[in-house]
Amino acid sequence: FQGWVEDNGEGKCVEMVDGKGFFGAKAYKDSKVCNMMTVSELHRRYHDKTGITFSSLYPGCIAETALFREKRQWFRKGFPLFMKYVTGGYVSEQEAGERLAQVVDDEKCKKSG
37 FQGWVEDNGE
47 GKCVEMVDGK
57 GFFGAKAYKD
67 SKVCNMMTVS
77 ELHRRYHDKT
87 GITFSSLYPG
97 CIAETALFRE
107 KRQWFRKGFP
117 LFMKYVTGGY
127 VSEQEAGERL
137 AQVVDDEKCK
147 KSG
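In the working numbering, the protein residues as written are 37 to 149.
Careful: at least some of the hints might be erroneous.
[What the hints assert, rightly or not] In silico DSSO-like cross-links for lysine-lysine, where the CA-CA straight-line distance does not exceed 27 Å:
{"no.": "1", "residue 1": "K68", "residue 2": "K107"}
{"no.": "2", "residue 1": "K85", "residue 2": "K146"}
{"no.": "3", "residue 1": "K144", "residue 2": "K68"}
{"no.": "4", "residue 1": "K120", "residue 2": "K107"}
{"no.": "5", "residue 1": "K65", "residue 2": "K107"}
{"no.": "6", "residue 1": "K65", "residue 2": "K144"}
For the record, the hints were derived by calculation from the structure and aren't laboratory data.
Required output: the full structure, derived from the provided sequences and hints.
Here you go:
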């Protein structure tokens, strides 16, 4: 995690966890890994003492959000269609919200860590 070093030797912070320049898709993926690491650490430190359930969630690829705002217009139009009709991996904002609600409210999701 070289990107977390405050000074890269040139007097400025490094933008990415791997020490390289900013790249949107990798930044998104890194943020998901960091979320999972944070949840694991919170579970380790506090679950036994408090009984609080710590969870992370990947709701799926929500292809019609601003996540792809840096991509070309043809990609922003075509990617949701590709996800929906070719891969079957399309997730609507509604479905992603339902998945989040399930993590909050469903007994199956009470396992911490």
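For K144 and K68, compute the direct alpha-carbon distance and say whether it is at most 27 Å.
Status holds; Cα separation ~22 Å.
Next pair to validate is K65 with K107; report whether the Cα-Cα distance is within 27 Å.
holds (16 Å)
For the pair we were handed, K85 and K146, check the Cα-Cα distance against 27 Å.
Given pair K85, K146 holds - Cα atoms ~16 Å apart, limit 27 Å.
Restraint status (C-alpha distance of K65 to K144 at most 27 Å):
holds (26 Å)
Would the pair K68 and K107 pass a check requiring their Cα atoms to be no farther apart than 27 Å?
holds (20 Å)
Can you confirm whether the C-alpha distance between K120 and K107 stays at or below 27 Å?
holds (18 Å)
In summary, this structure violates none of the numbered hints.
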